[in-house]
Amino acid sequence: MPRARDRRLGPLDWLAAAVLFVVFLAVYAATLAPGLSHPAGDSHEFTTSAALLRLARRTGYPLYTWLAAAFVHLVPAGEVAYRANLFSAVLGAAGVALLYLVGRRLDCAPLPAAVAAALFGVTTTFWSQAVVTEVYAPNVCLLALTLLLLLRWADRPQAVWRFAAFAAALGASLGTHLSNLGLAPAMALFVLLVDPGIVRRGRLLGAGLAAFLVTAAQFVWLPLRAHTAQFPNPAPDTLAGVYQYTLGAFAHLRFAYPLGEVPDRLAVYVSLLLENFTPAGVLLGMAGMWALLWGRPAALWLVLGLHACAVIPASQLAVPDLEVFFIPGYVTWTLFVAAGVQALWGTLARAGGIGRLARAALAVALAWWIGALGQTSFAANDRHLDTAAGDFERSVYEVLPRASRLVVQPGVFGQAARYFQDVVGLRPDVAVAGALGGPTLAFDPPLFSTVPVTGGRLAPTFPQRTLPPDAWYVPVVLGNRQGLVLWRAQPRPAASMVTHATPERRLDWWVDGVALVATTIEPVRHAAVPRVHVRALWQADGTVRPFVSTRVGETTLETHELGLGVLARYLADVGPIGRGLFVEEFDLVLPSTLAAGEHAFSIGVTRVAETGLTVEWMEVGRVVVD
Amino acid sequence: VSSSTDAASRTWWLRVAGAVVLVAVQLAGAWVYRLGTGREAALAAPEAATLLRWRPDVTGTIEWHGDQAFTLSAERGLQTIRLAPDTVVLRGAARTGLTALRPGIPVSVWGPRAGPRGIAARAILVWAPED
Numbered sequence: 102m103p104r105a106r107d108r109r110l111g112p113l114d115w116l117a118a119a120v121l122f123v124v125f126l127a128v129y130a131a132t133l134a135p136g137l138s139h140p141a142g143d144s145h146e147f148t149t150s151a152a153l154l155r156l157a158r159r160t161g162y163p164l165y166t167w168l169a170a171a172f173v174h175l176v177p178a179g180e181v182a183y184r185a186n187l188f189s190a191v192l193g194a195a196g197v198a199l200l201y202l203v204g205r206r207l208d209c210a211p212l213p214a215a216v217a218a219a220l221f222g223v224t225t226t227f228w229s230q231a232v233v234t235e236v237y238a239p240n241v242c243l244l245a246l247t248l249l250l251l252l253r254w255a256d257r258p259q260a261v262w263r264f265a266a267f268a269a270a271l272g273a274s275l276g277t278h279l280s281n282l283g284l285a286p287a288m289a290l291f292v293l294l295v296d297p298g299i300v301r302r303g304r305l306l307g308a309g310l311a312a313f314l315v316t317a318a319q320f321v322w323l324p325l326r327a328h329t330a331q332f333p334n335p336a337p338d339t340l341a342g343v344y345q346y347t348l349g350a351f352a353h354l355r356f357a358y359p360l361g362e363v364p365d366r367l368a369v370y371v372s373l374l375l376e377n378f379t380p381a382g383v384l385l386g387m388a389g390m391w392a393l394l395w396g397r398p399a400a401l402w403l404v405l406g407l408h409a410c411a412v413i414p415a416s417q418l419a420v421p422d423l424e425v426f427f428i429p430g431y432v433t434w435t436l437f438v439a440a441g442v443q444a445l446w447g448t449l450a451r452a453g454g455i456g457r458l459a460r461a462a463l464a465v466a467l468a469w470w471i472g473a474l475g476q477t478s479f480a481a482n483d484r485h486l487d488t489a490a491g492d493f494e495r496s497v498y499e500v501l502p503r504a505s506r507l508v509v510q511p512g513v514f515g516q517a518a519r520y521f522q523d524v525v526g527l528r529p530d531v532a533v534a535g536a537l538g539g540p541t542l543a544f545d546p547p548l549f550s551t552v553p554v555t556g557g558r559l560a561p562t563f564p565q566r567t568l569p570p571d572a573w574y575v576p577v578v579l580g581n582r583q584g585l586v587l588w589r590a591q592p593r594p595a596a597s598m599v600t601h602a603t604p605e606r607r608l609d610w611w612v613d614g615v616a617l618v619a620t621t622i623e624p625v626r627h628a629a630v631p632r633v634h635v636r637a638l639w640q641a642d643g644t645v646r647p648f649v650s651t652r653v654g655e656t657t658l659e660t661h662e663l664g665l666g667v668l669a670r671y672l673a674d675v676g677p678i679g680r681g682l683f684v685e686e687f688d689l690v691l692p693s694t695l696a697a698g699e700h701a702f703s704i705g706v707t708r709v710a711e712t713g714l715t716v717e718w719m720e721v722g723r724v725v726v727d
Numbered sequence: 005v006s007s008s009t010d011a012a013s014r015t016w017w018l019r020v021a022g023a024v025v026l027v028a029v030q031l032a033g034a035w036v037y038r039l040g041t042g043r044e045a046a047l048a049a050p051e052a053a054t055l056l057r058w059r060p061d062v063t064g065t066i067e068w069h070g071d072q073a074f075t076l077s078a079e080r081g082l083q084t085i086r087l088a089p090d091t092v093v094l095r096g097a098a099r100t101g102l103t104a105l106r107p108g109i110p111v112s113v114w115g116p117r118a119g120p121r122g123i124a125a126r127a128i129l130v131w132a133p134e135d
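Here the protein sequences line up with chains A and B, keeping their order.
When you line the first sequence up against this note's numbering, it's residues 102 to 727, in that order.
When you line the second sequence up against this note's numbering, it's residues 5 to 135, in that order.
Wrong hints could be hidden among the right ones.
What the hints assert, rightly or not - For the chain A half of the interface with chain B, some residues (derived, Cβ under 7 Å), not all of them: (1) Gly142; (2) Leu384; (3) Leu418; (4) Val420; (5) Asp422; (6) Thr477; (7) Ala481; (8) His485; (9) Thr656; (10) Glu659; (11) Thr712.
In case anyone wonders, no lab produced these hints; they're calculated from the structure.
Every residue gets a Cβ at the ideal spot worked out from N, C-alpha and C, and that includes glycine.
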């Protein structure tokens, strides 16, 4: 049995952790998305799952769902989506505080431990996940807690309850991200290095195994709530189904690259590490490895092992949001940084009077460094004006006729509409269907959709069964971010798409072969979110496909191809417009964050030349926001 | 930092093995870092096959056009992509024109950072299946 020195955390440590928690909660809250964020990713589904205790997407995330559910139901702040975002901020800040305590358990002095934790807190990737509803910030909290409890056990290896607490935390962390299971080999190696005789201690091992199984048993939630799984997720209602939902999930995305590309993939990680920690942070981490080797080799093997177990599988993932999968790797790099700063700090401490001065200078330099990185991250991750998704969905539910049907994207991407109906309680009379649900719907009652449309037809790359494939998809509402369009499905083009009437007041603004002949911009009265009705008459023969933009004040709202595909299809299927004018007509949702007062409303046309893009703008009206 | 906690951690072989692994890891890290900086060279003579081996600096959907720039809606929020006369636009392995940069089209962009939310595009890969 190895003898141990118990590194107890003092009151000052808890105070410092509390300060870090408060500071980071404040900065994350200041940049928090006020509702459903855009683009959605998995965020909208996690919000809805938490609010309604539905089964989340693969791999189920039971603990995350329960904690988020408790948070959104108990914290009376803002709407549910805001609370779910705040949950990320709270557990993200808690993760930063716990990383400080982990640093202290690694024998770092308070300042190096705090610097490393704060550095992690301002890394761009982690910050981006602490201001929206996602699992990555809560997962850092659970991961840091697991490491803290493991290092606490290492100080008294005979303590059964300490080992059980660590094992319970590891099992629990699987419910915030199942990939934490991949870190277990590094933890097992550390356990063996700390106490090689552990294999003969049945009571301790048994307690650990039991604690792990108890918390990992959270996955029983999957078959119990299988009936709430959102299609197209397969329902985990059999053993094979549970396996496919958890350990077998996303098998085609894991280890997706040939062995020959391993160096290239790791280079991707190195470039991201440099982006997040800066070269100084990377050098400090490399120095910290050697400091740990010298001071606490078993801990080096733990952190290095965790780093390898986190980074290598993540680097082999074929996913578009690769950077977030490296966050556990950044957690371990933070511990290297803590050891590196500690080595520097300790060296200066041994240099007498000059050392004291140098330490003061170092502390100032480190504080400036963290502050500068924080400023950059703040600007990059400020989501407090991110209202586009909520503005759009509220407007959609306001515009839809009574008892109409709305077809949304299947799975995680169609959750915004479900959130506003199932959680917020908007328009229960509207039947919302997923585009993969089938059977194909008719045009009566009125049929609307928010799935991608190109060229006036459903996007050819979008698999769906619910919407009639040959229908005309006409824009009705445009959100103030790209991709937010409500389409009305109709069997044939409306006669009003082309007019031969002569407008009373002609603009005749010609840009690159098309002319904006006339416009009317009218505010929509009593709208929950401010919006304007835009009617623009264009003279266009179809030989050019201009991009049209809308702008309020200095804020560009969106850009679309003239006609949003309807003009192109009209020219192809019906014929040339001749002397007629093409009518583009839709409601445009203004940002709910727009300042009260009068704003200029402009239409822009993008000129595309060999040398680049330019936009020509014309003010066509004024809008007043109350 | 001295510790009496870990009996195993004081064995000499643990330090020796650790030193060997650290040397190997840090040399390997330096090597892959050099590979990473080779990306710049690849961008100078872009071919999609070369570019696609590397992580794009940002991937997202084109939101709106500005002067010599467009805005991209990415996982990390809005990014401003600045164009230069030598910016290369690719579809697959072939060069294409700026007209391929249409709103709603998913693209990947390679290039150095230009401000906290900006990329100075060296190469843009258009993911749209059709023109």
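**Message:** Quick check on the hint: Thr656 (chain A) CB to chain B CB, less than 7 Å?
**Reply:** Constraint on Thr656 (chain A) not satisfied, violated at 10 Å.
**Val420 (chain A) as an interface hint toward chain B, with CB separation required under 7 Å** = violated, 10 Å
**Interface hint for Gly142 (chain A), Cβ within 7 Å of any Cβ on chain B** = holds, 6 Å
**Prompt:** Against chain B, is Thr477 (chain A) within 7 Å by beta-carbon distance?
**Reply:** holds, 5 Å
**Request:** Could you check if Thr712 (chain A) really has its C-beta closer than 7 Å to a C-beta on chain B?
**Result:** holds, 6 Å
**Asked** Does the nearest C-beta of chain B fall within a distance shorter than 7 Å of the C-beta of Leu418 (chain A)?
**Response** violated, 11 Å
**Asked** At a threshold of 7 Å, is the proposed contact between Asp422 (chain A) and chain B supported by beta-carbon distances?
**Response** Interface hint status for Asp422 (chain A): holds (5 Å vs cutoff 7 Å).
**Prompt:** Is the interface hint for Ala481 (chain A) satisfied, with its Cβ closer than 7 Å to some Cβ of chain B?
**Reply:** holds, 4 Å
**Request:** So, Leu384 (chain A) near chain B? Judge it on the closest CB pair being under 7 Å.
**Result:** violated, 11 Å
**Message:** Using the nearest Cβ pair, does His485 (chain A) come within less than 7 Å of chain B?
**Reply:** It is violated, given that the least Cβ distance between His485 (chain A) and chain B is near 11 Å, above 7 Å.
**Message:** Quick check on Glu659 (chain A) please, does its C-beta sit within 7 Å of some C-beta on chain B?
**Reply:** holds, 6 Å
Hint compliance for this structure: hints 2, 3, 4, 8 and 9 are broken, all remaining hints hold.
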